[in-house]
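Protein sequences, first through last, are from chains V and S.
Sequential numbering of the first sequence, starting at 1, is according to the working numbering.
Sequential numbering of the second sequence, starting at 1, is according to the working numbering.
Worth double-checking, as some hints may not be accurate.
Unchecked claim - Cut-off 20 Å, straight-line C-alpha distance, at most; resulting in silico cross-link-like pairs (EDC-like, lysine to aspartate or glutamate):
| hint | chain 1 | residue 1 | chain 2 | residue 2 |
| --- | --- | --- | --- | --- |
| 1 | V | LYS24 | S | ASP14 |
| 2 | V | LYS98 | S | ASP93 |
| 3 | S | LYS49 | S | ASP14 |
| 4 | S | LYS83 | V | ASP16 |
| 5 | V | LYS38 | V | ASP16 |
| 6 | V | LYS20 | V | GLU8 |
| 7 | V | LYS24 | S | ASP100 |
If you're looking for bench data, these hints aren't it; they were derived computationally from the structure.
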Amino acid sequence: MTKTITKEKVFHHAIDQVWKAITKAEEISAWFIQADFKAEKGYQYIFTSAPNEKGCTTISGTVKEADPYRLVYTWIVADTKVETTVSWTLEPIESGTKLYLEHSGIENYAGETAIEMFNSFNGGWDNCINLLTAYLKEEVNAG
Amino acid sequence: MQDNITKLFKAIADPTRREIFHALVIATSALSITQISDQFDMSRQGVTKHIKILNDAGLVSMTEEGRNRFCFADPKPLKAINKWMQFYSQFWDDSLENLDNYLNKNKDA
Chain V
1 MTKTITKEKV FHHAIDQVWK AITKAEEISA WFIQADFKAE KGYQYIFTSA
51 PNEKGCTTIS GTVKEADPYR LVYTWIVADT KVETTVSWTL EPIESGTKLY
101 LEHSGIENYA GETAIEMFNS FNGGWDNCIN LLTAYLKEEV NAG
Chain S
1 MQDNITKLFK AIADPTRREI FHALVIATSA LSITQISDQF DMSRQGVTKH
51 IKILNDAGLV SMTEEGRNRF CFADPKPLKA INKWMQFYSQ FWDDSLENLD
101 NYLNKNKDA
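The task is simple: from the sequences and hints, build the whole structure.
The following block contains the structure:
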């Protein structure tokens with residue numbers, strides 16, 4: 001029983017631009033989540049959502065692969081000890097870049113607690129994203 | 001609470017138990033311990049041991065009729081996984097949308 005989410009998306013941007021956006025800490029922090037990240041195999045990264053009254057969520061893991069244009073890291077939410085894996089694969093296409101995203105190991109969230117973890121994470125996450133979005137509006141344009 | 005996850009992990013980690021669970025899921029009626037042991041060519045004790053672990057994890061329920069115990073699958077605990085699937089699916093859609101917006105903004109700047 002394997003549960004994997006796969007997403008495909010086309011970006012009308014050069015492959016190196018997309019690669020930088022998903023591998024450079026300051027860029028990840030800009031569109032995704034506050035990141036202590038290096039695209040180096042073995043790097044122990046930490047994603048921290050902006051602090052708010054709920055304390056927000058951290059995501060941590062280890063970089064498994066980071067050769068252009070494939071990035072793979074493990075993904076562990078807070079102290080759940082449930083390890084999932086996220087992989088990003090970029091492919092140049094005529095109109096820009098195609099991204100294949102895979103998030104596997106979601107079956108590891110088995111159990112009744114999953115629903116509660118899901119609910120608390122969901123609420124926390126939304127708050128963090130909102131804060132980030134507000135922050136981004138000011139910061140990103142400068143880039 | 002953590003115990004539930006551990007039990008479910010333990011229950012589905014074993015390939016024989018996954019097969020027994022699968023057999024119960026596709027069976028049209030509850031199966032007795034004897035039927036399962038015949039089907040898997042396994043001792044009644046062996047089957048009982050596996051069923052107990054599946055039962056602890058909430059994946060199998062049992063009824064007793066006379067001297068026979070009948071087992072049936074209860075996939076409810078696994079449904080939680082689908083919630084996670086839905087959650088992450090939405091999460092990645094939103095995140096990739098953010099990435100696209102980010103890239104577009106930078107292009108304009």
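_Tell me the numbers of any earlier hints that the structure contravenes, in ascending order._
1 and 4
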